[in-house]
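Colleague: Here are the chains, one letter per residue:
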Amino acid sequence: MTSSKLLMDQVSKEFGDGETSAKVLDNISLDIKGGEFVAVVGPSGSGKSTFLSIAGALLSPTRGRIWMGDQEVTRLPAKQMNQLRLRHIGFVFQSSNLIPYLTVRDQLLLMAKLANQHGQEPQRRADDLLHRLGLSHRKSRHPESLSGGERQRVAIARAWMNDPELILADEPTASLDSERGRTVVQMLADEVKLRRKAAIMVTHDKRMLDLCDRVVYIEDGKLSERTQPIVL
Amino acid sequence: MFLALRELQHAKLRYLLIGFIMVLIAWLVLFVTGLAQGLSSDNASSIQNMKADYLVLQEESDHRINRSVLTGEIWNEVQSRPGGNPATPLGVHMNTLTKEGSAAKFDVAFFAIDVESMLAPRVVEGTMISNTDADLVMADRSLKEDGYRLGDRIVDQATGATFTIAAFTEGQSFSHAPVIHMNFEGWKALQPNPAKPAPIYNAIAWNGTPEQKEALVRDVSGIEMITKEEALQGIPGFQEEQGSLTMMIVFLFVIAAFVLAVFFYVMTIQKINQFGVLKAIGAGTGYLVRSLIFQVLTLTIVSLAISIGLTYGVSLLLSGIVPFSLTPSVVLLCSLLFLAVSLMGSLLSLYRVIKIDAIEAIGRAA
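For the record, the sequence lines run as chains D and C.
Under the numbering used here, the first residue of the first sequence carries the number 1, and numbering increases by one thereafter.
Under the numbering used here, the first residue of the second sequence carries the number 1, and numbering increases by one thereafter.
Keep in mind that the hints were calculated from the coordinates and are not lab data.
Heads up, the beta-carbon is just placed ideally off N, CA and C, and yes, glycines get one too.
Check each hint, because a few of them may be wrong.
In silico contact screen, one side only, chain C against chain D (beta carbon under 10 Å); selected entries [said to hold, decoys possible]: (1) Ala-103; (2) Ala-215; (3) Gly-222; (4) Gln-274; (5) Thr-285; (6) Val-289; (7) Leu-333; (8) Ser-335; (9) Lys-355; (10) Ala-358; (11) Ile-362.
Pairs of lysine-lysine, DSBU-like flavour, derived with a Cα cap of 35 Å [stated by the list, open to error]: (12) Lys-105(C) - Lys-139(D); (13) Lys-197(D) - Lys-355(C); (14) Lys-12(C) - Lys-23(D); (15) Lys-113(D) - Lys-99(C); (16) Lys-12(C) - Lys-79(D); (17) Lys-355(C) - Lys-79(D); (18) Lys-139(D) - Lys-355(C); (19) Lys-23(D) - Lys-139(D); (20) Lys-113(D) - Lys-12(C).
Far from chain D, some chain C residues (derived; all Cβ distances over 12 Å) [claimed, not checked]: (21) Gln-9; (22) His-10; (23) His-63; (24) Glu-360.
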């Protein structure tokens, strides 16, 4: 259990209360180890977003328990959830969601500032990350002057900045063409392998699944898994 | 304040525009405040600078010094009371005067005082007059700008009485007219019936505690007592003048609050999605709130600094033309009020920022 980056044990989530409650996630169990890159696929309304919100410490489950590493994170006060997201989870959103008035380098440095890290070390870390993701020449640009693929790479760099244990990607390729999308996902996969961390990617794009180690399906709030990636 | 500063830098035009509006409003606030203070002292600096706690007036005189008439008996009664409270009579007479040999007329207020009492004004030029020489008076130095000099002879238009200016005083005006101080010997010449021996006063300046004042009003019949503040309000036009300027200032503060509130609210609404992302990646609500407050304060302080500079600059250009007086303590008070108002204006935005849920960042393609 110690090597689990994320462990969900019979997790359910219901919205509303009493008569009108709707069960969005139904008894989901999932164990993700270091070095694993997991894809989550499913039709719209299947509960993917809720799953990601619970895995990302944005929502607490109605039932079930969740661990990250050795820490149980099932029910934490808002402030600790915040710290957990800041230090242990990296987010990559649809269409990147970078802060428009920060330069590429500042997007990364912001993460360090939020985590109260100051001085030279975070700057070195940011430069290093940008170099690895091929963004060194874009360091002082603002998001508006970057291409869609570059923005998404910046988002990935930002997600890795505080060296999280788990990366959550919410349809990171939604706004990219398939070639660029693939490059971006490839980079994500490479980093996961390199750092022995874990990543979960929610996606519609079946062409990306061969880059993932595992693929789990969500349908009507239930989760099922195929161990072998499928190539269509 | 990493975020706040970078946003200010990036969206320069927006913040410059709103800053410009704030500068104009703050400038107007300070200028109108200075004008109100200037007018107030131009109107009634004699009362403001008077070293007295209370003024004794005739009852039913409606707080107006010039409506009150006190007889010598009342003065004797007030003066002879045990307790030894300092008291001194005052005669006030508004009139028009001319310079001997000239036809130009000026409105003035004659103040008859005991020149050895606490009502004696500060002399800035010439020598203090005595209580005995009926011919000598002391004029406010604003009359110098109208061409009066030491030794000039002035003629009271109503009675034809003449006096010699023996000294100039500072900060002495009443009802927008310069004050001419004289002793009670000279005062006799200004009475409608100079032959009548009994002296007539308009007020008695009196020092004491509120309890002593109550006792005095109870014991002496036919009088009322007012504070200096009430005496100011009783000067014809004072309340109206100050009231309309105060109303302008209050409105400007309200406008400033709303302008800032609307600007930051619209900015915040625009950035809701961004705030959602920031919260999702781990920025605490406190950090975002501090960021917003920092921006509001930076904008307000910079605008205030510029407008204070502009206000003093313009007041230098207009000095002597417009009555203007702005002390550092008033500037400080206005600035603090302005800061408080701008923070109040940002409350709505703060509320929105606090309410934003990090979860909004998930599943959004904005």
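Colleague: Each of the hints needs a verdict: does it hold here or not?
Modeller: Hints, one by one, checked against the model:
1. Ala-103: Nearest chain D Cβ about 71 Å off; hint violated.
2. Ala-215: violated, 64 Å
3. Gly-222: violated, 72 Å
4. Gln-274: OK, holds: Gln-274(C) within 10 Å of chain D, min 6 Å.
5. Thr-285: Thr-285(C) check passes; min Cβ-Cβ to chain D is 8 Å, inside 10 Å.
6. Val-289: Result: violated, 13 Å to nearest chain D Cβ.
7. Leu-333: Cβ of Leu-333(C) sits 35 Å from chain D, so the hint is violated.
8. Ser-335: violated, 29 Å
9. Lys-355: violated, 13 Å
10. Ala-358: holds, 5 Å
11. Ile-362: Holds: closest Cβ of chain D sits about 5 Å from Ile-362(C), inside 10 Å.
12. Lys-105(C) - Lys-139(D): Roughly 77 Å between the alpha carbons, so the hint for Lys-105(C) and Lys-139(D) is violated.
13. Lys-197(D) - Lys-355(C): Holds: Lys-197(D) and Lys-355(C) sit about 33 Å apart, inside 35 Å.
14. Lys-12(C) - Lys-23(D): Not OK: Lys-12(C) and Lys-23(D) at ~48 Å, beyond 35 Å, violated.
15. Lys-113(D) - Lys-99(C): violated, 77 Å
16. Lys-12(C) - Lys-79(D): holds, 33 Å
17. Lys-355(C) - Lys-79(D): holds, 15 Å
18. Lys-139(D) - Lys-355(C): holds, 33 Å
19. Lys-23(D) - Lys-139(D): It is violated: about 45 Å lies between the C-alpha atoms, which goes past 35 Å.
20. Lys-113(D) - Lys-12(C): With Cα atoms ~23 Å apart, Lys-113(D) and Lys-12(C) stay inside 35 Å; holds.
21. Gln-9: violated, 8 Å
22. His-10: The assertion about His-10(C) is violated, with a minimum of 3 Å to chain D.
23. His-63: Holds, because the least Cβ-Cβ distance between His-63(C) and chain D comes to about 59 Å, which exceeds 12 Å.
24. Glu-360: Violated, since 10 Å does not exceed 12 Å.
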